[in-house]
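J.: Chain by chain, the residues:
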Amino acid sequence: MDDKEKGKAYWSANLRLIYGCLAVWATVSFGFGILLRPFLSDISVGGADLGFWFAQQGSILTFVFLIFFYAWKMNRLDKKHGLEE
Amino acid sequence: MSQFVINLLFVGGSFAVYIFIAIWARAGSTKEFYVAGGGVHPVANGMATAADWMSAASFISMAGLISVGYVNSSFLMGWTGGFVLLAMLLAPYLRKFGKYTVPDFVGDRFNSNAARVVAVICLLVISTTYVIGQMTGAGVAFARFLEVDSTTGLIIASAVVFAYAVLGGMKGITYTQVAQYVVLIIAYTIPAIFISLQMTGHVLPQTGLFGTHLESGMPMLQKLDQVVNELGFQDYTADVSNKLNMFLFTVSLMIGTAGLPHVIIRFFTVPKVADARWTAGWALVFIAILYTTAPAVASMGRLNLIDTVYPEGPTAESLEYEERPEWIRTWEATGLVTYEDKNNDGRIQMYNDVPAFAETAEARGWEGSELVVNNDILVLANPEIANLPGWVIGLIAAGGIAAALSTAAGLLLAISSAISHDLIKKIIKPDITDKGEMLAARISMAVAIIIATYLGINPPGFAAQVVALAFGIAAATIFPVLMMGIFSKRINSKGAVLGMLAGLIATTVYIFIYLGWFFIPGTNTLENIPANWVFGISPLAFGAVGALINFAVAFAVAYATEEPPQEIQDLVESVRYPKGAGTALDH
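Sequences listed follow chains A and B, in order. Sequential numbering from 1 applies to the first sequence in full-length UniProt numbering. Sequential numbering from 1 applies to the second sequence in full-length UniProt numbering.
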């Protein structure tokens with residue numbers, strides 16, 4: 001593989017990872033926290049419902065996890081393609 | 001020791017630390033001035049970013065906003081979710097590009113001074129409107145805790161910012177922000193832990209929020225739903241009907257956050273691309289500590305307030321005015337709490353004064369809601385409501401000022417670097433020396449501080465609305481142009497410039513239609529009520545639509561015109577790969 005192809009493979013792997021992470025990002029906030037809340041109203045969490053928990057706690061915690069997961073995966077990807085510093 | 005002396009010690013002590021840092025971290029080159037030499041550790045930078053991002057609004061006002069109920073969860077998700085976008089879509093690539101400012105990337109990537117100037121204009125509008133809020137916030141904290149008038153307070157605060165920002169540039173700002181983060185997070189969490197312990201027995205406010213209300217034995221949120229309902233308000237946890245608006249508002253806050261120049265430049269200060277990603281993670285950890293505590297402060301503070309006014313519950317006799325607790329007396333003096341005995345019964349009534357509730361109110365002998373409580377009270381008076389010792393109140397004073405000053409400093413740097421680097425060095429006088437550029441940066445910073453202080457002392461009447469404008473413009477201009485510059489090689493300068501202008505104009509016009517042209521009261525074309533909004537989209541939520549317009553125009557124009565030259569496409573290619581970022585900064 002020459003440098004150009006290697007670069008292409010690296011970039012599309014990065015894009016796939018971003019799509020995956022952003023799908024989770026959107027699901028927990030716009031999904032569970034806002035649009036899908038009526039469908040989660042039967043699952044109660046301490047005096048409220050699961051949608052309310054995601055809107056006020058869960059989505060933020062998931063965001064933190066997502067960024068560290070992405071940073072960790074990207075470091076491995078950088079190494080694999082010899083692009084780390 | 002009087003409360004005044006304690007507050008003075010806390011605020012004075014924190015200022016001494018900031019001044020010490022200013023002397024220790026003097027900037028010797030433009031690289032140190034703009035990006036702290038590019039050698040900040042990601043954890044320290046995460047802390048600095050958290051302080052940079054969390055403004056007077058986050059610290060003082062957000063809990064009050066959230067206490068309205070579920071609908072304002074948008075602030076919680078919006079103001080944190082943007083960091084996910086920063087980590088994945090912007091920060092690593094902009095760090096690899098390795099320049100000093102946001103317009104710098106726009107100008108180089110699109111090889112166009114027109115694009116650079118439009119980006120500078122957007123940056124100046126966003127940052128100037130934002131800095132007014134910080135200076136007024138600092139003034140409020142001074143006036144209320146230090147019993148000096150806010151003008152004197154603001155001048156002292158500006159002198160301190162002047163010392164570390166003008167001398168130290170980004171280097172001074174970075175390490176001061178680390179110290180400011182520590183001050184503000186301690187100040188926010190300690191009262192929250194105590195109020196959570198008192199009301200639910202939980203040490204962690206985050207679990208206390210979903211815990212049991214000790215006094216009634218009911219889940220805390222159910223108890224809150226019940227009492228607000230008995231006072232004619234909507235249930236605290238009630239769902240909203242206008243989901244589209246809540247969705248778009250959250251999107252606007254998220255991409256607005258990701259498009260704020262003073263936040264983006266914090267990512268330029270780390271040595272490597274990988275560190276830019278870690279910075280986003282650590283920043284959000286430090287931000288999440290406050291943002292997951294805030295909803296607990298909001299709900300417990302509101303329940304506590306209602307409990308104080310209605311000790312036997314909302315349906316029984318309410319509190320006699322003469323029996324009111326000390327903290328209500330204290331805050332009445334500041335005008336943040338006001339009382340008017342409308343039915344002359346000597347008691348305090350506080351409820352939702354709307355036609356739907358009028359019958360119930362009349363039956364209870366109420367003639368209007370008598371206690372008006374400012375949103376900021378939930379945070380400012382928290383230590384007193386929870387009967388905490390005087391030093392905690394001193395801490396809140398120092399924390400509020402730290403939150404305002406840390407954000408102000410970041411904004412001032414973004415403003416001054418856009419002027420000295422993008423306008424002077426890149427356009428007006430390209431042959432300026434490194435020393436001359438730094439002098440220009442310091443002068444523009446000093447001028448910016450003077451203007452910001454003036455606007456803080458004489459806040460324009462529209463200060464609250466302009467924050468919507470700042471987020472709307474960041475969402476509709478900076479975020480899309482940066483994202484397209486990185487993820488598409490096909491977008492050329494024409495597409496970028498027209499896209500930014502379309503996003504800028506559409507968003508500004510939509511806001512002006514409802515909030516008044518140039519925010520002049522009474523000039524609004526339509527009344528700002530949900531029935532008038534296009535598809536129910538509020539002016540605050542329009543940034544997301546503005547961003548879509550920007551993307552659409554940019555792609556349409558770019559594909560109809562010529563492809564960007566090969567060297568630009570190579571530049572885009574190079575920002576995508578991390579290797580070589582350490583050397584890229586030494587240009």
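Hint data in this document are derived by calculation from the structure and do not stem from the laboratory. All values derive from a computational prediction rather than experimental measurement. Just to be clear, a hint being listed does not mean it is correct.
Okay, derived cross-link-like pairs now, DSS-like style, lysine-lysine, Cα gap no bigger than 30 Å in a straight line [claimed, not checked]:
{"id": "1", "chain 1": "A", "residue 1": "K6", "chain 2": "A", "residue 2": "K80"}
{"id": "2", "chain 1": "A", "residue 1": "K6", "chain 2": "B", "residue 2": "K426"}
{"id": "3", "chain 1": "A", "residue 1": "K6", "chain 2": "B", "residue 2": "K243"}
{"id": "4", "chain 1": "B", "residue 1": "K489", "chain 2": "A", "residue 2": "K80"}
{"id": "5", "chain 1": "A", "residue 1": "K4", "chain 2": "A", "residue 2": "K79"}
One side of the interface only, derived from the structure: several residues of chain B facing chain A at Cβ under 10 Å [said to hold, decoys possible]:
{"id": "6", "residue": "S74"}
{"id": "7", "residue": "G81"}
{"id": "8", "residue": "L224"}
{"id": "9", "residue": "V227"}
{"id": "10", "residue": "V273"}
{"id": "11", "residue": "A280"}
We treat Cβ as the ideally placed atom computed from N, Cα and C, and that holds for glycine.
J.: Against this structure, judge whether each hint is valid.
T.: Hints, verified against the model:
{"no.": "1", "hint": "A:K6 with A:K80", "in the structure": "holds, 10 Å"}
{"no.": "2", "hint": "A:K6 with B:K426", "in the structure": "violated, 35 Å"}
{"no.": "3", "hint": "A:K6 with B:K243", "in the structure": "violated, 44 Å"}
{"no.": "4", "hint": "B:K489 with A:K80", "in the structure": "holds, 25 Å"}
{"no.": "5", "hint": "A:K4 with A:K79", "in the structure": "holds, 16 Å"}
{"no.": "6", "hint": "S74", "in the structure": "holds, 8 Å"}
{"no.": "7", "hint": "G81", "in the structure": "holds, 6 Å"}
{"no.": "8", "hint": "L224", "in the structure": "holds, 8 Å"}
{"no.": "9", "hint": "V227", "in the structure": "violated, 13 Å"}
{"no.": "10", "hint": "V273", "in the structure": "holds, 7 Å"}
{"no.": "11", "hint": "A280", "in the structure": "holds, 5 Å"}
Violated hints, in rising order: 2, 3, 9; the structure is consistent with all others.
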